[in-house]
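Chains as they are written, first to last, in this note's numbering: chain C, 25 to 186; chain H, 2 to 363.
Hints were generated in silico from the structure; no laboratory data involved. Any given hint could be a false lead.
[What the hints assert, rightly or not] Here are a few chain C residues that sit away from chain H, every Cβ distance over 12 angstroms (derived from the structure): (1) L52; (2) K54; (3) Q63; (4) L70; (5) I90; (6) A99; (7) P131; (8) L163.
[To be verified] Stretch-level coverage of chain H by chain C, calculated; a stretch enters the list once three of its residues show a Cβ under 8 angstroms from a Cβ in chain C: (9) 249-259; (10) 271-283; (11) 295-302.
[Stated by the list, open to error] Examples of chain H residues toward chain C, derived with CB under 10 angstroms: (12) M25; (13) E26; (14) Y76; (15) T78; (16) N79; (17) A85; (18) R88; (19) N89; (20) Q147; (21) T263; (22) V264; (23) P265; (24) D267; (25) S268.
Yeah, the Cβ is synthetic: ideal placement off N, Cα and C, and Gly gets one too.
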Amino acid sequence: MCHTNSSGPTGDGPGQIGGLSTQDLERLSKARAAMEPGQEVDSPILNEFGNRIIRSMGRKEFLQLISTPERLAPALGNKSDLDGDGIPDAVEYLDGTDPLNKSHGDPLWLFLVNVNRYKEHIVLLVVACALLNWGLSSLMLWFSSQSNADNEEHKDGSLNQP
Amino acid sequence: MRSPILSFLATRVPLDKLGVRSMMEHKSVPVHSLSWGYYTGGLTMLFLVIQIATGLLLLFYYQPTVTDANLSVEYITNNVSTGALLRNMHTWSSSAMVLFALIHLLATFAMKAFDKPRELTWLSGVCLLIVTFAFAFTGYLLPWNQLAVNATKVVFQAIDAVGQYLPGSLAQLPHFLRETFQGEAALGQSTLSRFYALHVVILPFALTAILAFHLIAVQLHGMSQGVDKPSERTEKFVPIFFLKDLSVWTSAFLILAVVSLTVPFDSFLSFPLLRPYNALQATPPGIKPEWYFYFLYYPLELLPFWLVLLGTFVAVSLLVLAPWIFRSTSRRTLQVMALCASAYLFTITVFGQQIYDLLKKQ
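Just chain C, with the same shape it has in the complex (with noise of 0.2 angstroms):
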């Protein structure tokens, strides 16, 4: 959930130590040293949402959170929405869902904040739908209404012939 490569920071792909250029250790020399809340943290294992933390917590107090991962929650707060989902990062770490994912979450949240988010929309839909549906309606029914209307003509024709 926090770091770059999915398998973890250990190894040699991308992401992970062993794969790092000298540039990216110097970068992670730096972010390791972020002991404090506030400083600036782009360690290059740690993706977004990792970054963060260590940026609004410092990297002590999140070593003294390791051990009781369920305490980092309330320690990140609710302020943080990197994937502007409308659910705060926090909550997504609790849920286990990915906080850097706009399309992940609680699915009745997302429905919750979604349905706000594009109230507007959804009225403009339902006028449209309900539009389409009187429209193509009135069509059909012209049709019927001439094609008997033909047919009526039709049958008068035929019983006036001699």
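Starting from the structure of chain C, add chain H where the hints point.
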């Protein structure tokens, strides 16, 4: 004198009745307690149309290569204007299409709509259901994420395992089929290319041909009686029933659009499963097929393979031969059978995981 085959076909496909005017003017729909069943076919077709429209738009951006497939899906979701909505509509409507195809099949079965002269209409419907499942299966692999590739692997393993129960040279058939569709030693670019070709070219052609026959046959024979005692009330297909159908379609489209706009389909899946497929990574837990395959997946997890295989063979045979096996069965009995099948499908789909946990604990 006409041959029996020609005579059979002439009764089942009475081309002399073909004519838009006669079909429009004379087609009527019986009104009875199971009349709702007449709407399910139209709804399935509506979701198919939505599938085609959204699928064509997704084609503009989707890249069918193992390196870019997942990235292109991410690009569609995050960067393309209305891309997330289109993708959600495509996935939600695929589920809705399978759901209504199943409901349509069960309603048709309960109404004995497969009875003479509609045997070929029924058979084409069964083929359409199989093609629909094939669409769902091939489309599942296209995002090329952990879930897609690993679930496909599981299905291929199951196909391979069928061989041991087949006699003689037939035993090689499942292996041959797996190799044909997989295309190489492990799931890779060949598999993705083949699934992509199946999903966007071959299956659409097959579906169009079968669907055209199915729709023409439905128009030629009109709506089936549906109940034992002929209904006293009927309504004209054009315009009365069609107008009602139109309202149902608009409502279904509205519900689908709102759901697609507000609830991303991916939110129901665990996010490590949505990561790009990496052959070097361990298989993440929770690999499962899409919900509409649970009716087969949970029995495979819980029962001996041969038993599930036998059950599937019997079920498919019953479906294909229904017009002849149940020729003299009353509609009441067929309704009870359809209810039992619905109860099984509902229970295993909704409570499958709980049943699995319960039985595995013992």
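Do the hints match the structure? See the list:
no. : hint    : in the structure
1   : L52     : holds (23 angstroms)
2   : K54     : holds (28 angstroms)
3   : Q63     : holds (29 angstroms)
4   : L70     : holds (16 angstroms)
5   : I90     : holds (20 angstroms)
6   : A99     : holds (22 angstroms)
7   : P131    : violated (5 angstroms)
8   : L163    : violated (10 angstroms)
9   : 249-259 : holds (count 6)
10  : 271-283 : holds (count 7)
11  : 295-302 : violated (count 0)
12  : M25     : holds (8 angstroms)
13  : E26     : holds (8 angstroms)
14  : Y76     : violated (13 angstroms)
15  : T78     : holds (6 angstroms)
16  : N79     : holds (8 angstroms)
17  : A85     : holds (6 angstroms)
18  : R88     : holds (9 angstroms)
19  : N89     : holds (8 angstroms)
20  : Q147    : holds (9 angstroms)
21  : T263    : holds (4 angstroms)
22  : V264    : holds (5 angstroms)
23  : P265    : holds (4 angstroms)
24  : D267    : holds (5 angstroms)
25  : S268    : holds (5 angstroms)
Hint compliance for this structure: hints 7, 8, 11, 14 are not met, and every other hint is.
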